[in-house]
Structures are given as C-alpha cells and as structure tokens.
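S.K.: Start from the sequences, fold in the hints, and give me the full structure.
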Amino acid sequence: MAPINSFMGKFSETAFALSASTERNYHCMESRLPRSSIAINGVSHKTSSSPDISSISLSDMCQMFRATPTDLLYLSSQTGGERGVCIYSSVEKGDVILSIPISSCFRDDEPPKWFEGDDDGGDDHDINRYNPSGWASRLAAILLDHEFSNKNSADLLDSLEIGRETWKSMLPDRNILRASLPVHWSEEFLSNTKCTALELAVDSAYFARANAVMQLQEELKQALFEEENVDDDFLRQKCGDALDIVQTRTCRVERTCEDGAQWGPPLRILAPIFDFINHGSMRNPGTGGANAAFGVEGAKMSDMNNANLVVRAIRDIEEGEEILFDYGDSARPAWRCLSSYGFVPDFSASVETGDDDVAIENVAELWMNGLRFDVDPESVPYDLVEVAAAQALLDGESNDEDEEKYGLLTPGVARSIARRATDSAYRLLLEPGINASIDNEDEESPETIYSESLAASLRWSQYSVLLSFAENLERFSFQAQQNEAEKA
76 MAPINSFMGK
86 FSETAFALSA
96 STERNYHCME
106 SRLPRSSIAI
116 NGVSHKTSSS
126 PDISSISLSD
136 MCQMFRATPT
146 DLLYLSSQTG
156 GERGVCIYSS
166 VEKGDVILSI
176 PISSCFRDDE
186 PPKWFEGDDD
196 GGDDHDINRY
206 NPSGWASRLA
216 AILLDHEFSN
226 KNSADLLDSL
236 EIGRETWKSM
246 LPDRNILRAS
256 LPVHWSEEFL
266 SNTKCTALEL
276 AVDSAYFARA
286 NAVMQLQEEL
296 KQALFEEENV
306 DDDFLRQKCG
316 DALDIVQTRT
326 CRVERTCEDG
336 AQWGPPLRIL
346 APIFDFINHG
356 SMRNPGTGGA
366 NAAFGVEGAK
376 MSDMNNANLV
386 VRAIRDIEEG
396 EEILFDYGDS
406 ARPAWRCLSS
416 YGFVPDFSAS
426 VETGDDDVAI
436 ENVAELWMNG
446 LRFDVDPESV
456 PYDLVEVAAA
466 QALLDGESND
476 EDEEKYGLLT
486 PGVARSIARR
496 ATDSAYRLLL
506 EPGINASIDN
516 EDEESPETIY
526 SESLAASLRW
536 SQYSVLLSFA
546 ENLERFSFQA
556 QQNEAEKA
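In terms of the working numbering, the numbers along the sequence shown are unbroken and rise by one, the last being 563.
Take the hints with a grain of salt, since some may be wrong.
What the hints assert, rightly or not - Calculated pairs, DSBU-like style, for lysine-lysine (alpha carbon to alpha carbon, straight line, at most 35 Å):
(1) K243 with K188
(2) K188 with K375
(3) K243 with K296
(4) K188 with K296
(5) K243 with K375
(6) K375 with K168
(7) K168 with K243
(8) K562 with K480
Rather than coming from a laboratory, the hints here were simulated on the basis of the structure.
M.R.: Structure (structure tokens):
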C-alpha cells in the first residue's frame, strides 16, 4: 500500500489518480505460458496437471535441445506444490540463464505442407499459409503433424525428436488443461467468476476457436485419409488439445537485427524448457516478482536459423531461487491472465502501477447506478466520479461548496464510492451454487473442482482489488479533510 501522503486525488482527463509512480517499468515481450497450480485466497494448491518430475533432468533436456548452459537449471516443486524452474548456483545480473536455438523450437513460420491448401507453391497459398493472424492454427498444425508422424516410429534416434517427446510427456493432463481455460467452461461457471470482462472475452473467442478446430480437423483428415481410418471425434479432440497447448505455452518474439531494425512480422514459437518458467510481475519489486527477461539474440536480416531465445537475469539471483519472468500485458489484469493461460496471478497491493501506456496490473468491476466500471487500487475512473458525485448531491452527502473546495471528487463522494466498493467486495465472498459442470461431466470430477477453484480464485482477486481501492479512497477522504482543517 502506498503511503498516505501519496493519495492526493490528482485529476486527469480519464481518472482521479490515488497514487502515482514516475519510474518506467521494463516489459518483456508478450508470452503465453501456463502454471501448473492455482492460487486460492492467496495460497497455491497443487493439481494433477503436474507430472512426476523426480526422474526428469533438465540437464539432459538441455543437451537434447542444444540449449546452454546444461548444468544450471532444475525442476522443483515449490512451496504449496507449484512446479517451477530453479537454479543450482547463483547468477549475477546480465548472466545467461537459458539459451535455446530457435531451430530447436516449434515455429509458426514452418507449418506442415498439408495445412491450408495444396502444395502448389502459388502466391495465394503462401499468403494464406503465413497470414500473421493464423499463427495459433499453424503452430497447432505443427504439433499435430509431429504427433501423427512420430507415433508409429519404433526408434527415435534423433536427440531433438527424443527431447520433443520428453517435453510432450511433461505437459499438463489434457482434462485439467481444458478445465483451466474459461473458453471451455459452461455459462454457469463463467457467471460464477462475477467478471463481466471475462464473459465478454470468452464470447468473443469461442466461435473463432471453434472455426480453428474445424479447419484443423478438415485439413488433418485429408492428410491422413489415405493412411488411416481415424474417427472424427478423435481428430476433433486432438485438434482442440493442440490449440490449448499453443494458447498457453507460446511466446512471441520480434524479427529484428542486432541494430534493432525490424525485418518481418513477429514470430511465435513453442520453446521447450523455456515454457516451464513461471510468471512474475516486472512491477513487483519483492518476492514473487520477475528476476529474468527474455529476447532473441543472434538474428540476422531475413535469417532466424542461427538465432537463440535467451533468458538473462535482470538482478542477482541466489542459489535455489526460482526463475520468473513477466508474461507481458496478456497476463494483465487477472481475468485476462486466466483467459490466456489458465491461472490467476497473486494480487499484491505493493505492485507499482506503471505508466499510462501499459496495462493496469489488476482491476475489479464495480457497478453503480446500473453502470459498470473497471477500478484499480490506484485511481478512480472519471466517469465513476461523475456518477457518484451526482448521486451524492441527491443524497445530501456533497454540495456545491464542497465541489468548489475539493473538486468533483469530494471527501463525501470518495466515501460513497468506498462504501459501494466494500459492499461489492464482500458480496464476492458469497459462494455461488454450482449446478453445471464442464461438458456435462460429473460435478465431483477433478476437472470440475479445478474450474470451481479458479473461479473462486478470480473472485478473491477482485475482492482484494476492491478492498484496496476502498481503503485508498477512505484514506484520501481523511487526508483531504485533515488538510482542509489545517488550513483553517
């Protein structure tokens, strides 16, 4: 929580700022990576999505994928059961933690020949195949091609292929992964999150995803037609599973030279080992905040073949500490992180707000007079202040004299918004009844319990935001009145 004297109600065109920070935060490139546990009421809980890691060596995997260093990283179950990547020995700021060749990763610019049309090499085919907006389908097609081309191989002699099979064996259980993604939830599960923004995001994504599954299924079926008689439901399931993996584990990197010149559209890649690293906010200076960042090094104009995806320490990191980097704005706010990756990040009132041109760390929705507003602990939307000020005048909690003295956000208006936020926060603690389940499965299934837990975790996150928001408004109101009393 910021100190009292920083909440001075500074006005801007869009919001009344309750606190401000002048330090510009460094942001990693967009990434899409999942965690293997969830946080409920601030406590992490292990789920069956984490495979047994006791016999898995990241050192061996690094050698398979030609990644370096080969002896620094290991997988560990952290406090509370969460799987994470830790280091055997301490590193200094700027040191390389992981460097994996782009050629060892799955790349969206190398789709299989069977995907999207025949292989006639025509211009229209090329445009369609490499359309930047189709990266998720291309990567899913690559995973599907890899699975069906290797499943009958008795011997996988290539170390890279062995590494990819090992990586696939370490991915989350498909049913738990589906249960973690709101796009698969029933309407009742979605409504139990009490988050309109998440419901709208799912509505927007649902049909686009269904079309992508259908397209992948048709293309894959044609490719397998002469080889195997494959059931349509089986293919549909495999296509959906591939898209789930792509959604939660892909990172985006820019095609730039060493001098910073961009020479092509962003590249999306699935990078084994790299994708096991958990999220930590760059804006969190304390425990659980980012201690590493990633980028592409060694790229040349129109050539990514010899480039590496490199993770470097952004501060000194101690032996045994978990490596964390920021997943980017797609992990902000909490509902977007859940929609993208299938987990709800821990809320911290000490996280810095950041600049106006970057996403707010976390928000909660607040309804007033039939209107919905997204609020965060550090500022009050101007439209909300206008609505609350009008209501305060009607209720006699504010008057023209107060507005002349304090502006539109008077102490009375601040208190009325704080009361509404507090009431809304405590209503989120009321446990909704669950009568439906994912895909009409048993209510007591692990998948249903997992989804319920994530919905509860998002409600708790919004509860924490609303309480912090209300506390800051109350503090602002008290400070404004105290300042006025001192002047008198």
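S.K.: Decide, hint by hint, whether the structure agrees.
M.R.: Hints, verified against the model:
Between K243 and K188 the alpha-carbon distance is near 22 Å, which keeps this suggested pair within the 35 Å criterion. This hinted pair checks out: K188 and K375 have alpha carbons roughly 26 Å apart, not beyond 35 Å. The suggested pairing of K243 with K296 holds, with an alpha-carbon distance near 22 Å, which does not exceed 35 Å. Annotation: proposed proximity of K188 to K296 holds, straight-line Cα distance about 14 Å (limit 35 Å).
The straight-line distance between the Cα atoms of K243 and K375 is roughly 30 Å, inside the 35 Å bound, and the hint therefore holds. Among the hinted pairs, K375 with K168 is consistent with the structure: their alpha-carbon atoms are about 26 Å apart, no more than 35 Å. A distance of roughly 32 Å separates the Cα atoms of K168 and K243; the hinted pair therefore holds under the 35 Å criterion. A distance of roughly 12 Å separates the Cα atoms of K562 and K480; the hinted pair therefore holds under the 35 Å criterion.
In this structure, every one of the numbered hints holds.
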